[in-house]
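Just so you know, the sequence shown maps onto residues 4 to 293 in our numbering.
The reader is advised that the hints may include incorrect statements.
[To be verified] Under the rule of at most 20 Å between Cα atoms (straight-line distance), these lysine to aspartate or glutamate pairs were calculated in the EDC-like manner:
1. 277 with 203
2. 69 with 139
3. 82 with 5
4. 277 with 139
5. 193 with 203
6. 49 with 77
7. 41 with 5
8. 262 with 246
9. 262 with 177
Keep in mind that the hints were calculated from the coordinates and are not lab data.
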Amino acid sequence: MELQQLRLFLAAAESESFTRGAERAFVSQPALSASISKLEAEMGVKLFTRNKRNVVLTPAGRMLLKRAEVIVDECSRAKDELRRHDELRVLRLGVINTLSIHYVTRLVEQYRRENPGLVLNVTDANSLNIEKLEREERIDLALTILPPPPLSSRKFVYDKELFSEAYVVAMSQDHHLSKSPSLSIDDLIKEPFISRSHCEHRRVIQELLKSRNVRLNSIYVTDQDDRALALVKAGIGIAIVPEHCRSAGIRTCPLVESKQKRSIGFMWGQSENKDEITRFVDFASAIRWD
4 MELQQLRLFL AAAESESFTR GAERAFVSQP ALSASISKLE AEMGVKLFTR
54 NKRNVVLTPA GRMLLKRAEV IVDECSRAKD ELRRHDELRV LRLGVINTLS
104 IHYVTRLVEQ YRRENPGLVL NVTDANSLNI EKLEREERID LALTILPPPP
154 LSSRKFVYDK ELFSEAYVVA MSQDHHLSKS PSLSIDDLIK EPFISRSHCE
204 HRRVIQELLK SRNVRLNSIY VTDQDDRALA LVKAGIGIAI VPEHCRSAGI
254 RTCPLVESKQ KRSIGFMWGQ SENKDEITRF VDFASAIRWD
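Using the sequences and the accompanying hints, generate a full structural model.
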């Protein structure tokens, strides 16, 4: 029996779902299912009753649940005490505000669960303010858009990419353009447009429009992605968003004139808090970001 098996067992038991449990534990659903099957084989008992809607603990599963909670909790406590038994652990993280809150919530929640002795302070900011926080030494680490090298002019000179993505056109699922395999600027000109004023890609689009001597029909300007996506989902207008901004009721489509991608990852510099930075970067790098 391995500690990771117990963690995955707890995630499934507390979520009453292998799918939700896998999301919570940052693993694929097949990986979680395989781990639990292996644990059941080692124990010689069934831990879950599986049905189409959810999974339910068997009597043996309920017995293991009590023990697993204690074991995982004690391991986390021991790890924390051994790392910094005489110090307060603090990590200050800056997060680009165009990264979906779904990603941020999952990352922060899981890391705090596994590091109960850590004070994790998170600040949302746009790309310019991330650099300001960096210069003023108000953050230890930034989860942001990685700039092209060289980084010699910045305090944060180390980086680790997590994923890259394009910018796409978002629309409601029943929008008349939703069946198109790709769209051009000409397709967007007459459409009601939701403008994300904080978008890093906005200047590129503006230059593209200027070169065509055309304008978008902007009907709503916001610096809040949840508002922009809600308006798109309601069919009020379309928007240009990072590719990962998908949700139920929204269809995304590539824009043929815009091939630019952005790289999302960590940036950090020389710091006395190097150990905490390394642990957090390693943890985040090991999870699935798709």
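Hint numbers the structure violates, sorted upward? 1, 2, 5, 6 and 9
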